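Undergrad: Here the sequence shown is numbered in the working numbering, starting from -2 and rising by one per residue.
Derived from the structure by calculation, the hints contain no laboratory data. Check before you lean on any hint, since a few could be wrong.
Derived DSS-like pairs (lysine-lysine); straight-line CA-CA distance at most 25 Å [as the list claims (entries may be wrong)]: (1) Lys84 <-> Lys117; (2) Lys22 <-> Lys84; (3) Lys117 <-> Lys83; (4) Lys54 <-> Lys44; (5) Lys78 <-> Lys26; (6) Lys26 <-> Lys84; (7) Lys54 <-> Lys22; (8) Lys44 <-> Lys83.
None of the values given here were measured: they were computed from a predicted structure.
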Amino acid sequence: MFALLIALLTISVASYVWLFYRHVKRFPKGPTPLPIIGNLLSINLRKLHEDFDRISKDYGDIFTVWLPRPCVVVMNHESIKEAFTKKGDDFSGRMGLFPDTLFQNVENGGIIFSQGENWKEQRRTSLHILRDFGMGKNKMEEQVCLSAQEFLAYLNAVEDKSEIDLRKPIQVGGSILLPLLMTAEENS
-2 MFALLIALLT ISVASYVWLF YRHVKRFPKG PTPLPIIGNL LSINLRKLHE DFDRISKDYG
58 DIFTVWLPRP CVVVMNHESI KEAFTKKGDD FSGRMGLFPD TLFQNVENGG IIFSQGENWK
118 EQRRTSLHIL RDFGMGKNKM EEQVCLSAQE FLAYLNAVED KSEIDLRKPI QVGGSILLPL
178 LMTAEENS
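Work out the full structure: start from the sequences and follow the hints.
TA: Structure (structure tokens):
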């Protein structure tokens, strides 16, 4: 019985490793990952940019690093431009990772979790509404800058800087800017 259990366990582990490396071949070349942990042992996560530069010298400007999920890294401007302009649909979307999917009631729903055509429609509608409210107009930008200057002047005028209560100035600034954002009219 024990020998059968060991044999089943060995076959299961071997099958998992074989399927894992078969899955690895679908991605661009990169450092060989270990099952379950990927390349986490061979990469310094605190200096990831240096390791990516080192890896790109061995594998080219496009490579895959497993952290432990696959992460395709694009290192040069031309490849990034091609990926997002010419092949944008291939690179659009979000990864379905555990924390994201945990709070998602409807697949491809809401503002944060939407993607594809749903996301494009929401973005188009949001930009249209924001433009109607005056986004991009100098008047709103001037008012925001004026409010920021008044806020900084308040902070500079406070004598005891060890304990500054920011609630009131932020509320006043918000009450000045909110009607402007909603109506695109100045309200002093």
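Undergrad: So, against the hints stated earlier in the document, which numbers end up violated here?
TA: Hint 8 is the one this structure does not satisfy, whereas the remaining hints hold.
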